[in-house]
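Enquirer: Please take these sequences and the hints and turn them into a complete structure.
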Amino acid sequence: MKKPSIYTLISTLPKLSVEELLFLKAEVHRQEKNQAIEALWQSKNQEIKSCPHCDSEEFTKNGSKDGRQRFRCKSCSKTFNALTNTPLSRLRFAEKHLQQTEVMLEGLSIRKAAEKLNVNSRTAFLWRHRFLENLEKEQPIKLGGIVEADETFFLKSYKGQRNGLPRSSKKRGTPATKRGLSAEQVPVLIARERTSNITLTQILPKRNSVELGKVLKPVLTKDAMVCSDGAKIYKLMGKANGIDVRSSKKARSGTYHIQNVNAAGQRLKGWMYPFKGVATKYLSNYLGWKRWMEQKDSPTPSEFWKASAG
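Numbering that gives the first Met the number 0 puts the first residue of the sequence shown at 0, with every later residue one more than the last.
Some clues are possibly wrong.
What the hints assert, rightly or not - Derived CB-CB ranges, DEER-like:
#1 Trp270 / Gly309: 19 to 25 Å
#2 Lys295 / Arg91: 25 to 31 Å
#3 Thr299 / Glu57: 33 to 39 Å
#4 Ala182 / Cys53: 45 to 51 Å
#5 Leu154 / Gly66: 41 to 47 Å
#6 Gln68 / Gly309: 16 to 22 Å
#7 Leu154 / Gln34: 41 to 47 Å
#8 Trp270 / Asp222: 27 to 33 Å
#9 Gln34 / Glu183: 29 to 35 Å
#10 Leu154 / Cys75: 44 to 50 Å
#11 Asn207 / Leu154: 16 to 22 Å
#12 Asn33 / Cys53: 19 to 25 Å
#13 Lys275 / Cys75: 43 to 49 Å
#14 Tyr157 / Leu12: 51 to 57 Å
Unchecked claim - Keeping only pairs whose Cα atoms sit at most 25 Å apart, straight-line, the calculated PhoX-like set for lysine-lysine is:
#15 Lys268 / Lys111
#16 Lys238 / Lys141
#17 Lys95 / Lys111
#18 Lys77 / Lys43
#19 Lys275 / Lys111
#20 Lys295 / Lys268
#21 Lys43 / Lys14
#22 Lys289 / Lys95
#23 Lys141 / Lys73
#24 Lys305 / Lys60
#25 Lys24 / Lys48
#26 Lys158 / Lys136
#27 Lys221 / Lys141
#28 Lys136 / Lys295
#29 Lys289 / Lys155
#30 Lys221 / Lys155
#31 Lys221 / Lys234
#32 Lys238 / Lys221
#33 Lys289 / Lys115
#34 Lys141 / Lys234
#35 Lys136 / Lys305
#36 Lys275 / Lys136
#37 Lys205 / Lys268
#38 Lys216 / Lys231
#39 Lys73 / Lys43
#40 Lys77 / Lys64
Bear in mind the hints are in silico, worked out from the structure with no lab data behind them.
Every value quoted in this text rests on a predicted model; they were computed, and no experiment measured them.
Quick reminder that beta carbons are idealized off the backbone N, C-alpha and C, glycines included.
Expert: Written as structure tokens, this is what we have:
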């Protein structure tokens, strides 16, 4: 049977009803997504250099499953595909994964994402954190020059946990029982390189100079100068690790300010607000999500997919 030309198809459009046009629009959109995800899989296939099970470079094509090319290793005889041993491995409904990155770029809640993807909320939750697994691990390797550093705080949350709570459960929006800093809050260090805006965000087990040094010392270059708000823990950290620490209190409008890192903290808090509370055990995933978003001018769903696949 001869395939109809695109012009023949276009000529039939005026004959279609509104319902048929809407159906056609949805189908075209679905096919577009399918072709986009197929292109991403093809690019991942070309990146395969060795077996993910034994690192052997001797492997061959071994048919396909669900339209995805599979390979067989000549050394260990195990089969694999482009996503084996990645966070996206074995996730079902691959045709919806690009749309999953779209709802994440929009910053939709789990419930709204599930509705848009037409999946169960538990599936949407699983997908979100599988797509964030690689992003959470990515932190700046080096920070140099003037590095602004400060902490922001999130109320400790046991959202979703039903057993083993160390305190009685609370309703969303319940404030901390103690004013100011306390064990009820989780400190998150934000360190931002002023010239490049490269940002490190890290949960601190405790807000003290020792934990601060464990995070900052490995990434600061020899010429780095840390600007802080004058908190004692920064001075102690600098003295213990030989790091030049300057206080913003000495010259608020001069060189030693922390305006950039404070703005980054405010953006982080504002971006987190629509999620209506994030469980503390998943907080680092959201920090990685926001870090990746800020590194991109206009991130695309394809870029998000590639970053998540690793």
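Enquirer: Note whether the CB distance of Leu154 and Gln34 lies within 41 to 47 Å or breaks it.
Expert: With a Cβ separation near 44 Å, Leu154 and Gln34 satisfy 41 to 47 Å, so the hint holds.
Enquirer: What's the verdict on Lys289 and Lys155, does the C-alpha distance respect the 25 Å limit or exceed it?
Expert: Between Lys289 and Lys155 the Cα gap is close to 19 Å, so the pair holds against 25 Å.
Enquirer: Can the suggested window of 33 to 39 Å be confirmed for the beta-carbon pair Thr299 and Glu57?
Expert: Hint holds: Cβ distance 35 Å, inside 33 to 39 Å.
Enquirer: What's the verdict on Lys216 and Lys231, does the C-alpha distance respect the 25 Å limit or exceed it?
Expert: holds, 17 Å
Enquirer: Hey, Lys221 versus Lys155, does the alpha-carbon distance stay inside 25 Å?
Expert: Distance ~35 Å between Lys221 and Lys155 Cα, so the pair is violated.
Enquirer: For the pair supplied as a hint, Lys95 and Lys111, confirm whether the alpha-carbon distance does not exceed 25 Å.
Expert: holds, 15 Å
Enquirer: Sort out whether Lys295 lies within 25 Å of Lys136, counting only the CA atoms.
Expert: The hint holds at about 17 Å.
Enquirer: Just tell me: holds or violated, for the beta carbon distance of Asn33 and Cys53 against 19 to 25 Å?
Expert: violated, 33 Å
Enquirer: Tell me if the straight-line CA distance from Lys221 to Lys141 falls inside 25 Å.
Expert: holds, 10 Å
Enquirer: Between Lys73 and Lys43, is the straight-line Cα distance small enough, at 25 Å or below?
Expert: Within the cut-off at roughly 20 Å; holds.
Enquirer: CB of Leu154 to CB of Cys75, is that within 44 to 50 Å?
Expert: holds, 48 Å
Enquirer: Is the hinted pair Lys238 and Lys221 satisfied, with a Cα-Cα distance of at most 25 Å?
Expert: Holds, at roughly 14 Å.
When held up to the earlier numbered hints, the structure conflicts with 9, 12, 21, 23, 25, 30 and fits the remainder.
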